[in-house]
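*Asks:* Protein chains in written order, with the working numbering: chain A, 9 to 413; chain B, 9 to 413; chain C, 9 to 413; chain D, 9 to 413.
Heads up, a few of these hints could be off.
Since copy identity is lost for identical chains, a pair holds within one copy or between any two.
Heads up, simulated DSBU-like pairs for lysine-lysine below, C-alpha to C-alpha not over 30 Å straight-line [unchecked claim]:
1. 264 / 383
2. 285 / 75
3. 285 / 39
4. 383 / 300
5. 264 / 341
For the record, the hints were derived by calculation from the structure and aren't laboratory data.
Number of protein chains: 4
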Amino acid sequence: MYTARISISGHLIDSGLLSRLLDAVSDLGGKFEIVETQFGRMKEEESCATIEVGADTCEELDKILDKAKELGATVFDGEPVQLAVVEQDGVCPDEFYTSTNIETYVNIDGQWVPVDDIEMDCAIVVDAQKPAARCCPLAAVSRGEYVVVGSSGIRVASMASAKETEVFSFMGSDVSSERPKALVVEQIAREMKEVRARGGKILVVAGPAVIHTGAGPHLARLIDAGYVNVFYAGNAVATHDVEWALLGTSLGVYLKDGTSAPMGHTHHLRAINTIRKAGGLRPAVEKGILTKGVMYSLVTNDVPYILAGSIRDDGPLPDVITDSVKAQDAMRKNLKGVEIALMLSTMLHAIATGNLLPARVKTVCVDINPATVTKLADRGTFQAIGIVSDVEWFLKELAGHLAAN
Amino acid sequence: MYTARISISGHLIDSGLLSRLLDAVSDLGGKFEIVETQFGRMKEEESCATIEVGADTCEELDKILDKAKELGATVFDGEPVQLAVVEQDGVCPDEFYTSTNIETYVNIDGQWVPVDDIEMDCAIVVDAQKPAARCCPLAAVSRGEYVVVGSSGIRVASMASAKETEVFSFMGSDVSSERPKALVVEQIAREMKEVRARGGKILVVAGPAVIHTGAGPHLARLIDAGYVNVFYAGNAVATHDVEWALLGTSLGVYLKDGTSAPMGHTHHLRAINTIRKAGGLRPAVEKGILTKGVMYSLVTNDVPYILAGSIRDDGPLPDVITDSVKAQDAMRKNLKGVEIALMLSTMLHAIATGNLLPARVKTVCVDINPATVTKLADRGTFQAIGIVSDVEWFLKELAGHLAAN
Amino acid sequence: MYTARISISGHLIDSGLLSRLLDAVSDLGGKFEIVETQFGRMKEEESCATIEVGADTCEELDKILDKAKELGATVFDGEPVQLAVVEQDGVCPDEFYTSTNIETYVNIDGQWVPVDDIEMDCAIVVDAQKPAARCCPLAAVSRGEYVVVGSSGIRVASMASAKETEVFSFMGSDVSSERPKALVVEQIAREMKEVRARGGKILVVAGPAVIHTGAGPHLARLIDAGYVNVFYAGNAVATHDVEWALLGTSLGVYLKDGTSAPMGHTHHLRAINTIRKAGGLRPAVEKGILTKGVMYSLVTNDVPYILAGSIRDDGPLPDVITDSVKAQDAMRKNLKGVEIALMLSTMLHAIATGNLLPARVKTVCVDINPATVTKLADRGTFQAIGIVSDVEWFLKELAGHLAAN
Amino acid sequence: MYTARISISGHLIDSGLLSRLLDAVSDLGGKFEIVETQFGRMKEEESCATIEVGADTCEELDKILDKAKELGATVFDGEPVQLAVVEQDGVCPDEFYTSTNIETYVNIDGQWVPVDDIEMDCAIVVDAQKPAARCCPLAAVSRGEYVVVGSSGIRVASMASAKETEVFSFMGSDVSSERPKALVVEQIAREMKEVRARGGKILVVAGPAVIHTGAGPHLARLIDAGYVNVFYAGNAVATHDVEWALLGTSLGVYLKDGTSAPMGHTHHLRAINTIRKAGGLRPAVEKGILTKGVMYSLVTNDVPYILAGSIRDDGPLPDVITDSVKAQDAMRKNLKGVEIALMLSTMLHAIATGNLLPARVKTVCVDINPATVTKLADRGTFQAIGIVSDVEWFLKELAGHLAAN
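The shape of chain A in the complex, shown without the other chains:
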């Protein structure tokens, strides 16, 4: 749904003006919400109302707004988008508009043009000739490009409608640890099946607890069954997964019995060194060094994976992209077609990925720490459904639904 606000004043009630206006909106297939009314205390005083009107397409909305103008309403919409030129690479004009992660149109010479690559906290670069518009991170704007400034000429789809059509709707809000979660997992499994059936992509973002808890094999089964199409993680996930594949431990703890290996704290370094020696994960698989685990399944199933570096990394593995700006770019490029994102026990990578995701991507965040879930929503990924639970269990249940042994 696309919306715009209109304001109307006068003897709204007596004269039937408000009545006529709302009638017109209805006649044209639109919806309305009376946002604010200021009724004159005395009969003779004028009243004033702010009304949000909505329509399913930009075109229908335009017709409604034209009619409203005829009736005397002021329309806060319709002016062309304002542009300013970038004078220095990576620096925007002062009043640049910052994007949200919701579908957006900009008005270029009276035409509503959709903004591509929608992502929160970006500038919108406009090519008025084509016409075309796209989100662009601050650091990537180039001298001479035109960027949207101010706030006129912009239409953002209201999320209310997005939520209405939400298949996940029964979850409403977050799923606390004190709610039944078995049902939620079942519903997510069903959704994943549908997405796969229609050729959509599923993104998994994982933290090292997935490996430490012994849930790696469950995730590998999901990968093998085709339910992971893009994978984001850090050096730690891949390292401990390899550590398990080579030495049976994760952070030095044997996953088969929970005991600590002697000198186990050095195991992850040996794992890293082995992969460095082999020249990377894929070579290690090809040379028969790495023969199982999450990374093995990603390589053998040709699932694109991005391992993004962080300052707490040991090693790192040769596959890690150590530059954070380059890692972000690689992540952006792999988001095309993603319809569901599962974020498993990782705050850093979940927030980072959330920053890049359009709001239309169904996002599920599983973490035993309620703060991770809360923070993700606070940082703008409001569409994320949080499940406060144990990731080991979540993956076991999910794999049970989708990739039964």
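With chain A's structure known, arrange chains B, C and D on it following the hints.
*Replies:* Using the frame of chain A, we list chains B, C and D on its own:
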């Protein structure tokens, strides 16, 4: 293992005194640990050593200590226990000894007498005639009784040895959310089978999250299969369990699909009112009103349950013991023969039960909040193994091992 | 604000019916919100609208509703409240209405009568003769009394307006640990001054962390300065406060330097025993045994305090009310005139008190654990403002504003 | 203290062998701990003991070990360190030794050589000619260098002694939120004064909560007073600090009154853009654009700061080092002379810095989330003292002690 400390001084090394002493301890089947040594800097200076000696029984320890005295050691042990009379009901003499939760003996006229009903933070009441000794809460001592004062004449079993023989030993310490937990659950299931096989009792202490998460039926299966022999909880667990049995919801949320019932926040009050009308849980079962759930299974399997009241209770149910001192007493009485305690998602009841449990009872505390686990250990129930995980999953797994459908 | 819903159908827009209705509401000083509209798709189809109308008093609302009926609207309001008789002590009729914690009126023979002692999750007992109505806990209804059943004839003040006039409004919602809190404390201090100036009461509900963190003296200063008029806590707060006063420790830790006392884990039992010997806290103060601390200040300033028992209590102190139903009653009785409630680091007592508080009482919940704050709101005390912070710091700052040394 | 283990077997007690050995250790100024003993059950069976001997210097330890060998003991020490050549840049030989963060010596041709730049999880590169040894991250070893392999010929200082001399000793272990913290802050302030007095350096590692809570000015005062000599943070800290300096908000919330700014969620992007336009933080200060805050104080006091990039960054600021390997290197270079590290509300940067710190650096970790503190210790920074508290309060108190207005 029972231990005592001895101190010895002299030219320990040169003269071979230390050597002879340690030799003697070994000869008598004891163990020793050199706790502290103060060696003279100059050859001619005397040295001094504090040694902890241990033996499997009180009698063997006595023989070792006698030998040590012969060799010139000072033995911090062996004096008779000191007693003082209670002059006022519920008030102990000033210097009363407060018990730990570990097996304890007191020396009455040279005889080591075991302390019955061992429980932390109690007074020890002694009947020197029999002779006999028992733990007694402060408030329950009676005028004229004799109570242990000071710290001499008391032997407390060292827990080191208790831990050695621990079947749960592979868990070592707490099981964080970042460790593999499937194995731990398997091990607990095995232990529960053994306890049941040898006629020991299993205690379950539960909080309302067990019901809210939909894990009630898993717990009911465990009860039906005979794996719960004593049950402690509060008004909320029973209330929401009944709410689910009668209305399908827990705190107003339908457990079959996670949706909220209209007026659902009143459901628990209706459940309480229904049970009050029936005259209690057992009458409600007998009248065919309550036909499923945790409380139903407890009633039909004749498992003793204690519902202890708290100031945040609504209602409460007629079965609730509202007086906290009476509830504690009822809980104490049902602990005989308990060998394993499972504490499921409850801080209040877990700590309360922990306060009453002998340290020899294997204790497992499952909570998604690490703070609960930590607090239980901090408050003296150091034998508790904490599992930071989701109780819904824990019970499903456990019931899968012990009471497969 | 009191509200009622009305429904109107017909050719709402064309005929000007909706316009006339809204006009009438405005003329009579009321407010309206169009809750739902169902507009006919075709011109000739009828439309239908549900409108919530509100007025500042019950009387004004009645006039508006009468007018709406004239205009053809259906008014979901105005029928008399339905009553049923209690047939068994402590058991309500099946369809009994359960109260919220918001100001409520019931319609007795056409007259809107306020409900006294408003409290959530109670029955409403009506004396139709007087007429009068009051909240009554389930367990306290008596045979022969009349209780409200169903949901007609009841008006609940909407909290929207309550929030509007909220002095604490700048806090909006909860104050996370990542927000500036110094300002919030300043605001609370200002509010407390105002409440005291107009003779209102301030309730403090405290948990043992107040004592363990060494913040007891800050709280005592607030008591001495007259800023605590009612005090609720459990056995632990009083015990550790006395432990500190007598022995310098809280749970065995010296508050002057943070070191652990030898045998410190027995200190709280010695403290309890000392007070039991003295016959209670007041006698202990009078005999010169207890000479400082929170409990000392409460006694010497004649501030009523309720210590409610729990099953994890040691002792307990003679002042503790061990029966939870009696403790609740005592807490209820002391709530008259309370305008602000500060809940400091206690989940059990905060939720218990929250259950008893009318929603109009400004409630501040300070806890380092965000879960406590969340749970309080989830359990119905939605007016509670949560401050996720360290109670030691909160009390130091607050005492700095109100009771500077 | 430097330690080595020796093993001795024979008729240890009868023959006086053990006695003579311990005597010898004492005579030479050493200390010993009997780690394990296996006494023959029968008189004629041999016994066996493992003993850890310690001395203050490597030289003294050597003398003791020589004597022990004379007496027939097996010494697990003294062989030369084993080396292997690096055959590929950034890849170590398979059995490479991984360093701890504790002072270490390696035995090169019979000489104990200290390992420079001590840091956990590194390889040790040896130059046998000089002789010299240094820690080197895996990725930085170069072809042809020699690296320690296996575990012989290595001496690691035992931390027991390090803890003994710990000025922070009164804190013992972690400071939970339920302990008095005012004293701890006082002690830290005293320690910081001493470090500054003797020319040592103080490192502060900060997370964005420092700015969000309004504690930035407290930190700036500490910087201005000379109590911060090195500063590590991420893009967010600097960004929100600048946001506050330029626009009065942090994440869109006005720090002067806690209200949200209209369009406040765009403020941090405007702040970043402004600094990008200026060319960085120092140019922004020099041009008079940035006139207050933490970053301003760092620049004007010439305190080296490292801003390390992460994949969740917006912007980033031009000062941010986006490559994580380069950022780690920059952090390593600035650690020389650091004696105290304060880690304030940041898990990522705290763990990353902890990985690089020698264990001798006094480390204080302040976080409201107990998990951060626990994780830091679990990841090897065991010397870290955790304070579970509110960073706003911590900095206010600390600045009160060290930089009173």
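*Asks:* Now tell me, hint by hint, if it's right for this structure.
*Replies:* Cross-check of the supplied hints:
Proximity of residue 264 to residue 383 under the C-alpha cut-off of 30 Å is restricted to the inter-copy arrangement: shortest distance 23 Å between copies versus 34 Å within a copy. In the homo-oligomer, the alpha carbons of residue 285 and residue 75 never lie at most 30 Å apart, since the shortest distance is 71 Å inside one protomer and 44 Å across protomers. Taking the closest pair of Cα atoms, residue 285 and residue 39 never come within 30 Å of each other, the shortest separation being 63 Å inside a single copy and 44 Å across copies. Taking identical chains as interchangeable, the C-alpha atoms of residue 383 and residue 300 lie at most 30 Å apart only when they sit on different chains, with a minimum of 28 Å there against 34 Å within one chain.
Proximity of residue 264 to residue 341 under the C-alpha cut-off of 30 Å is found in neither arrangement, the shortest distances being 38 Å within a copy and 40 Å between copies.
This entry does not satisfy hints 2, 3, 5, going by the numbered hints stated previously.
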